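S.K.: The task is simple: from the sequences and hints, build the whole structure.
From first to last, the protein sequence lines stand for chains A and B. Each residue of the first sequence is one higher than the one before, counting from 1 in our numbering. Each residue of the second sequence is one higher than the one before, counting from 1 in our numbering.
Hints were generated in silico from the structure; no laboratory data involved. Since we're looking at a predicted model, the values are computed, not measured. Take these hints with a grain of salt, some might be off.
[Stated by the list, open to error] Cross-link-like lysine to any residue pairs, in silico, SDA-like; alpha carbons within 20 Å at most: (1) B:K431 <-> B:I499; (2) A:K2 <-> B:N72; (3) B:K203 <-> A:R10; (4) A:K48 <-> B:G211; (5) B:K56 <-> A:K58; (6) B:K57 <-> B:L18; (7) B:K203 <-> A:G78; (8) A:K32 <-> B:G52; (9) A:K2 <-> B:G52; (10) A:K63 <-> A:F5; (11) B:K203 <-> A:S112; (12) A:K63 <-> B:A319; (13) A:K2 <-> B:L73; (14) B:K313 <-> A:S112; (15) A:K2 <-> B:L76; (16) A:K163 <-> B:H2; (17) A:K163 <-> B:A319; (18) A:K163 <-> B:L76; (19) A:K163 <-> B:V9; (20) A:K3 <-> B:K66; (21) B:K62 <-> B:K522; (22) B:K66 <-> A:T12; (23) A:K39 <-> B:I185; (24) A:K58 <-> B:G52; (25) B:K313 <-> A:F102; (26) A:K3 <-> B:K522; (27) B:K533 <-> B:F157; (28) A:K32 <-> B:G202; (29) B:K313 <-> A:K155; (30) A:K3 <-> B:T70.
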Amino acid sequence: MKKYFGPAVRLTLVMIVLLALCYPLLIAGIGKLAPGNGKGETVTLDGKVVGYALVGQKFTDDKFFWGRPSAVDYNAAGSGGSNKGATNPDYLKLVQDRIDTFMVHNPGIQKSDIPAELVTASGSGLDPDISPAGALIQVKRIAAVRHLPESEVAKLVEQHIQKPFLGLFGPEKVNVLKLNVALEQAK
Amino acid sequence: MHTELFGVVVSFLLTVILAIPLGKYIARVFAGEKNITDFMQPVERLIYRFSGIDPKKGMNWKEFLKAVLTVNLVWLVYAFFLLLFQAHLPLNPDGNPNQTPDLAFNTAISFLVNCDLQHYSGESGLTYLTQLFVVTFLQFVSAATGMACLIAMLVGFKEKTTNNLGNFWTYFVKSITRILLPLSIVIATILALNGTPASFDGKDSIVTLQGDSVHVSRGPAAGMIAIKHLGTNGGGWFGANSAHPLENPNYFTNMVEVVSQVLIPMAVIFAMGIFIKRKKFAYVIFGVMTVGMLVLLVPTIISEIHGNPQIAKMGITQATGAMEGKEVRFGPAASGYWSIVTTIISTGSVNSMHDSAMPLSGMMQLLGMMVNAFYGGCGVGLLNYFIYIIIAVFISGLMVGRTPEFMGHKVEAREVKIAALVTLLSAFLIKGGTALAAYFVAHHANIGWAVQPANWLNNPSYHGFSEMLYEFTSSNANNGSGFEGLGDNNIFWNVSTGIVLILARFIPIIGPIAIIGLLANKKHIPDSAGTLKTDSLTFGLMTFAVILIINALSYFPALALGPIAEFLSQ
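M.R.: As structure tokens, then:
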């Protein structure tokens, strides 16, 4: 083993310089070209930063579109899912509670129309999106609270539906923060 | 939903389309033929000269393994001490603390062995210095170690009789300069341009639209996320891994990440065919592996798209499938596909939480790791598959009553014993570890430890058992994903999985290299009419049967107590 120790240590030093120093600095340089200069793209309202475009936020007020339940309460200092198993009785009770809460806040909707993502926690706890159906089902509530015509709110949702990638791959989605910012601007 | 399925199919096809030319390129690089990255030669010569390496010096299998083990030992000590003292070192803008000795032990080993089991969350458990100088560094070098060992095996396949498997250092350096680093730069650039942070700024604090004060963790993540996939490492920058919207911003990056993690494992199969001049042998292996993947994948995607039956009973339609632990931008199909890919090839990165997957999907993920050779990890996947081949050769030999041969060399008792020991080791580590943990949960739940076994599990009943089984299976497969509800940052789990990790990495490397070293040393026997054809479809089926039988015998009872029982009870 002794024979290999010298080369091993010296090769390690070279590789540290190459892989842990040069490589990340190069990527940091490239990142400066990205939206947000590699620091993450922010969303502003009236010139004030109100969040990151990719990071979801907690919305509990009836005047906002709600996002998904979160295991980390949308504090992006950390991240994570509930890690509850599909058959866990406590977990299933929690889902039932979320359904009941949603029904109370959105009178007049059909229970079967509630999309699954609105009553289940995301993997990251920071999911910025909901499905188009998840936004449309909240239109009636938002319109009533904000005294806006339902058609106008629905139109806003339609404008914020992001199509699948290249129109071909993956699901449709709505970024909740961007939709709510647009809603604030519409008032 | 059809755009989601289409995304999965195209992700897979894209991987194959890219893996074929990459395989050709890899073969050229290691055969020393002219190729497009020869401009790296001066850099490599400089590295050899500085390190005191003679690139022309061959190694026999014992020398080769000594070099592998020595350099790995250096990395282990280096990583352990950086983690222990990270709080006092530079690049710690968030003021994160040192790792405890048991956590540092687990983390250092885990990244060293290409596993990336993470018993911490990246946002609070590491500093930018350790993210780069420990994690990113080890993600490169552990992947390159796996590739270098694979090349040694292929040299043994190729040569008629030799005791020279080549020079470990040159295989290692070329794996980095010619394959891992250039590809990482491409992938990291794509990620950075799509919104993954790459700057060294620390945590940001903001007031949200609704008026809550929150923090947003960031950091130079893009480069690390690239190598985490290309090197089948899997350890995430953030706690939620590639489910985190900054680590995997959109469906496009999700395709890029899922393609990039299978790319090298698949490419080396094609590279093997060219390198040893037996293309058909490689195609048969590719076929067996692909069938194996499909067997695991199809039920997973169906059960995830179908949704959770328990939630259906509450009157929810679940048009978007089972969404607990999943992200809307990926949906159930891409999440199901990722969960199988990441478990068969030992990446262990996740874009959804496996703990919350449907019971049937959880079983498929476990099986992927138990087999650990459908494509398999960076380099080591084929080494694992080679063990199955040796056993299949041996059994076929018994069936036809001839001394088994492989690549023109007699496979005798010593080689078969090594292969059998490597196989049995997995079963022993997974079931022994799980049994030990289950014993403490059942009989000493309130023992006076800092974290009592009663508080380990995040779910009751069968699923709780699956959490323990998954942790040891993942450690043994050097996979790194988890049923993350498990409370694993404590001495029992840090130490026990640490030991499993190190055994399960190095014995399945030492075993195949020793076998190939022994085989290559023997007299070469030219093929005759009676030779078992290892590149035939029949032999492919035989290998598949061996994989099926070994794993069914080893793991069916454990699976029956966990995911199968949960599936039947829902």
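S.K.: Provide an ascending list of the numbers of those earlier hints which the structure does not satisfy.
M.R.: 3, 5, 6, 8, 10, 11, 12, 18, 24, 26 and 29
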